[in-house]
Amino acid sequence: MAASAEGAAAPASLLEAVELTKRFGALVANDHVSLSIRAGETHALLGENGAGKSTLVKMMCGLLQPDSGELLYEGAPIVFPDPASSRTRGVGVVFQHFALFDAMTVVENVALGLPGHEPLSALAARIDDCVQRYGLTVEPWRRVGELSVGERQRVEIVRCLLGNPRVLILDEPTSVLTPDESESLFRTVDLLTSEGRAVLFISHKLDEVRRLCHRATVLRGGKFIAEVDPKQETASSLARLMVGAEVPRTPRLVTHEMGEPRLLVRNLTVAGDGSRGSALHDINLEIRAGEIVGIAGVAGNGQTALFEALSGEAPGDPESVVIDTVPAGGLGPTERRALRAGFVPEERLGHAAAPDMPLSDNVLLTTHGDGGIVSHGVVRHSPLKRYFQGIVKGFDVRFGGKDPKARRLSGGNLQKFVIGREVLRDPVLIVVDQPTWGVDAAAAAFIRTTLRERAAKGCAVLVISQDLDELLEFTDRIAVMSEGRLTPPVPVAETSREAIGLAMGGMHGHGAEGGSHAA
Amino acid sequence: MPLKFERQENVSALRLAAAPLLALVFTLIVGAIMFVALGHDPIRAFSIYFIQPLGDVYTLQELVVKACPLLIIGVGLAFCYRANRWNIGAEGQYVAGAVLGSWLALATNGGEAGPWVLPAMLVLGALGGALWGLIPAFLRVRFGASEILTSLMLVYVAQLGLDYLVRGPWRDPAGFNFPQSVTFDPVAVMPLLMEEGRLHAGIIIALIAVAVATFVLGRTLTGFSIELAGTAPRAAAFAGFDEKRVTYGVFAVSGALAGLAGIIEVAGPIGNLQPTISPGYGFTAIIAAMLGRLHPVGILVASLVLALTYIGGEAAQISMRLPFDVTRVFQGTLLIAILAADVLVRYRLRRVEGTSHA
Ligand SMILES: Nc1ncnc2c1ncn2[C@@H]1O[C@H](COP(=O)(O)OP(=O)(O)OP(=O)(O)O)[C@@H](O)[C@H]1O
Ligand SMILES: [Mg+2]
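In order, the protein sequence lines correspond to chains A and B. Read in order, the letters of the first sequence correspond to residues 94 to 612 in this note's numbering. Read in order, the letters of the second sequence correspond to residues 359 to 716 in this note's numbering.
The hints are simulated quantities; they were obtained by calculation from the structure and are not laboratory data. Note that beta-carbon positions come from the ideal geometry of N, C-alpha and C, so glycine has one too. There could be a bad hint or two in this list.
[Claimed, not checked] Stretch by stretch, here's where chain A covers chain B in the computed footprint (C-beta under 8 Å, at least three residues):
#1 574-585
#2 596-610
[Unchecked claim] From chain B, some residues computed to sit far from chain A (all C-beta separations above 10 Å):
#3 Ala376
#4 Leu380
#5 Gly413
#6 Ala471
#7 Leu662
#8 Arg679
#9 Leu693
Produce the complete structure using the sequences and hints provided.
Written out as structure tokens, the structure is:
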């Protein structure tokens, strides 16, 4: 409970938004939204994808300017013309989409966000310190371009903590963290609030919110709906507030026939050239039609290298990857898609989608080889629009305007788009990295159900995820990736969180690198 | 108090379109200041520079003739720049095309060659430019060398090569030792479009280039892959577009078009090979490409504007004794202005408070 905070007469509000409104063209992303973050409290911001959470956060730190309404800092009106000025006042934000420079090292990126000129080596030492204290693994001298999304998330959090913020705003920090890492983060958050700081926490994982947060503000369609005490609510009552209607439960697993092997990975080894995470050591895997296999593991243990070896972005030995009986290890992405394989990378902005291109053009990224949309090298607009509409309708992708740039979509909606783009291609093999990163509970359930349905129709599905609960919920077998090695997949029924957590920490007897185990 | 650029979230299309106009206005203001500083009446100077050339048919024709190479080269550069590959060496590719195309004209000179000579020269010109353009592409793909530097350095190699040829092996023996080749045969010369003036068939080629490029860049998968490689390289790799192929492709296209412009110029208005076959068209075309927003139709308009500075510069040289360098200053100012306008439209300038701690 918030006993300590309640003890003081009325906890001072550190940062307060009063009736903030933000329009993007005809779309009202925030409609007179008020929210106050108090010292010593963790405040949750809840809402469906596109409800306006990130927009509110951006206005509270000066990245966006509100059309009307004002901000109060310690009770006094304040205008943050830009994020730098809010940072100097002690407002630290971890954004949903990262703002790191790929070409620079972690420590250089951190240095950019801090005032003054600190020698890099001293800063690296401070990062290591922070890592020790909060249990979030970050290697200061790695190039950010090599890091997976989960690792980048840790970098962003550490960078923010080093700024010693009084108000810490976390926009969906846990969506790409493993349970252990999330635990470390929660301990950190508790530590910070006990020191009288304030935290604003955005997450679609309602159980986390109920454990961690003292108060919760719910947005729906850009409007303030309610402020509640999440500890008094149930996950389903919160979800009802967010959606405005009853949330459908994820249907239980339906068992179905397994067919031919659709994906065979044989002795896949990728040399460690230092790029894109760990190297891969002798990976073997078989996925049959109708089967969903999950790969669990702490980000940065070779998942990205595995994805790129499978998608054809990093082709290798032809025999190492066999798709539908065709040796495909040497083929590029387009040729692999021609074998009716579909791929969804974890990073949606910049990898799965081109941020500055219209969403409809982004359809072309993975469909240009399928025929229909492109004929004789010419892009045909009406089939493209039809396919685009199909994704938007079928996957409930919401956005303002007719055809905005990919960058303009809320995180969860873009995720639905890139998943839908692949599923509608009707593939026989889908490889997806972090399928529900940042999507709300209903949409996550929808994506999982959709993948299940694909499997039932004879598609083989490989899911790489840091979200162990998700994997336990909807996969058939789970393998664990650690330091570039993959355990043999075991049926979900024969394993447990604990067993997987143990394997994640290092199956070769090395000590755990990502946080300590509470279990 | 330090200043800092910050990217703006929403930039309206209108403001982006306004950037080139803003740049033009700024250039005119700088021009006015320059004229005053040189002791000239700016109104009169502007009228000689920009108004009078539009007044008679002859100079209007000249305007189009000057715009032609800018347009052809600029359209090619749009391919490179959209792909985020910075070919600065179009001038060298222009020279390389002119040299290779002229080789055929000189080899068949005085013979009985038929009307196939000119088309073959155009093909060779494009080929020469493409090959020259592929060198920086190769250096970038193979060794990671900056194409900006290598393409620029190859300009000087090409120019010196041309210089050697017209002073040495290709010099006209009956030319009183002037460094130039023999005058091309009629079959090796671009046909004129009108009885009078210098309007030649190259204009038609340029317009075809605009139409084809508009189609390719706007409607085809190739155009899409170029755009994608330029704005989101990782997404392009994921989509299955090989970045090496894009690099080679755009350099080949822009080199070929620059080479084509070179041979058209030599076989058209000039009529023989000389050391001075270009008043910097390859560089000015960079400005045309940027001013035209990398869109072929925009580049068409921009080429006409820049051609005007050439014509006006020549007029001012004669009637006001202004050095031709004034034209260069205009063009340079325009480039800087357009680049600055772009930044100012997309970003906003902010003051940041000095170092402070929470
Ligand atoms: N820069 C922008 N231009 C136009 N529309 C925008 C822009 N930024 C956000 N939007 C729109 O505003 C709405 C709210 O977006 P926001 O990112 O705040 O949602 P969110 O609650 O953070 O969702 P998610 O859970 O998916 O991250 C969305 O419909 C989005 O498309
Ligand atoms: Mg968001």
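Now for the hints, and whether the structure bears them out:
{"no.": "1", "hint": "574-585", "verdict": "holds (count 6)"}
{"no.": "2", "hint": "596-610", "verdict": "holds (count 4)"}
{"no.": "3", "hint": "Ala376", "verdict": "holds (19 Å)"}
{"no.": "4", "hint": "Leu380", "verdict": "holds (22 Å)"}
{"no.": "5", "hint": "Gly413", "verdict": "holds (44 Å)"}
{"no.": "6", "hint": "Ala471", "verdict": "holds (37 Å)"}
{"no.": "7", "hint": "Leu662", "verdict": "holds (29 Å)"}
{"no.": "8", "hint": "Arg679", "verdict": "holds (49 Å)"}
{"no.": "9", "hint": "Leu693", "verdict": "holds (24 Å)"}
Checked against the numbered hints above, the structure breaks none of them.
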